[in-house]
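Take 0 as the starting number for the sequence shown in numbering that gives the first Met the number 0 and just add one per residue.
Simulated from the structure, these hints should not be mistaken for laboratory data.
Some hints here could point you the wrong way.
[Stated by the list, open to error] So the derived label-pair ranges between C-beta atoms look like this:
id, residue 1, residue 2, range
1, G210, D147, 15 to 25 Å
2, Y138, C185, 29 to 39 Å
3, P163, H137, 33 to 43 Å
Note that CB positions come from ideal geometry on N, CA and C, so glycine has one too.
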Amino acid sequence: MQRTLYPLDSETRSKIRSTQILTSIPQIVSELVQNSLDANASQINVGVDIVEWECWVYDDGTGISKKDMAILAKGPMEGRYGSSKAYEINSLNQLSTFGFRGEALASAADICCLEISSRTKAAGETWSVIVKGGKSLHYGPAIRWRRDTAGSVVSVRDVFYNLPVRRRVHPSASKSLEIIKRDLQCFSLVFPHVSFTLEDAAKDQSNHSRGKVLSIPRTTSSLEAFRSTFGKPLAELL
0 MQRTLYPLDS ETRSKIRSTQ ILTSIPQIVS ELVQNSLDAN ASQINVGVDI
50 VEWECWVYDD GTGISKKDMA ILAKGPMEGR YGSSKAYEIN SLNQLSTFGF
100 RGEALASAAD ICCLEISSRT KAAGETWSVI VKGGKSLHYG PAIRWRRDTA
150 GSVVSVRDVF YNLPVRRRVH PSASKSLEII KRDLQCFSLV FPHVSFTLED
200 AAKDQSNHSR GKVLSIPRTT SSLEAFRSTF GKPLAELL
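Using the sequences plus the hints, can you model the full thing?
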């Protein structure tokens with residue numbers, strides 16, 4: 000029997016695309032860290048709780064203006080492809096940033112609960128947006144993650160809550176942490192002027208978190224960053 004082709008509705012198309020862009024918590028963290036680096040952050044703190052399907056990235060970058068937050072508050076259907084890094088086809092050949100498609104945050108808003116709290120240097124308060132499953136839940140002054148200085152906190156909760164199959168095939172907590180640690184170490188070699196920390200917020204049987212599992216201080220060169228991360232003996236072999 001011949002089957003008839005039907006066009007997918009816009010919501011289904013958006014969700015399918017989001018699951019191809021963000022495939023795991025380590026991938027989400029990597030995308031968020033790249034956004035922080037593009038915002039000229041000098042300090043990036045990452046927290047993850049793989050058991051609770053949660054992660055967050057704190058930075059001291061330039062922040063997101065209230066006007067731009069309004070675009071993010073529209074959710075993935077309208078907010079996708081909003082970018083501060085590429086405006087027309089000719090600018091693609093001159094990019095010096097990681098992101099430019101406006102995909103990462105819009106995709107996160109499709110498959111989890113995304114909360115962004117940000118403040119620019121010129122702003123008088125921290126502004127926040129919360130989107131879950133493509134629906135805007137809050138847009139206004141920050142409910143939590145209030146800041147005194149410029150920068151952003153992007154929190155992602157209930158990752159893949161609407162994709163149970165993706166949760167079943169997700170890397171284990173230990174494997175995910177190792178991937179995130181490796182990615183941060185790689186970032187530190189390319190951006191030695193940026194400090195990175197990683198906190199494992201998952202609770203053990205005594206209801207205590209492991210706390211900070213990685214700390215990479217800012218240095219003056221990639222060689223110094225390599226020495227700080229991998230040790231002097233290995234650095235001397237370079």
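Worksheet item: For the pair Y138 and C185, does the Cβ-Cβ distance stay inside 29 to 39 Å?
Response: 35 Å, holds
Worksheet item: Falls inside 15 to 25 Å, the C-beta gap from G210 to D147?
Response: The hinted range 15 to 25 Å holds for G210 and D147, with Cβ atoms some 24 Å apart.
Worksheet item: If you check the beta carbons of P163 and H137, does the distance land in 33 to 43 Å?
Response: Because 26 Å falls outside the window, the suggested range is violated.
In this structure, the one hint that does not hold is number 3.
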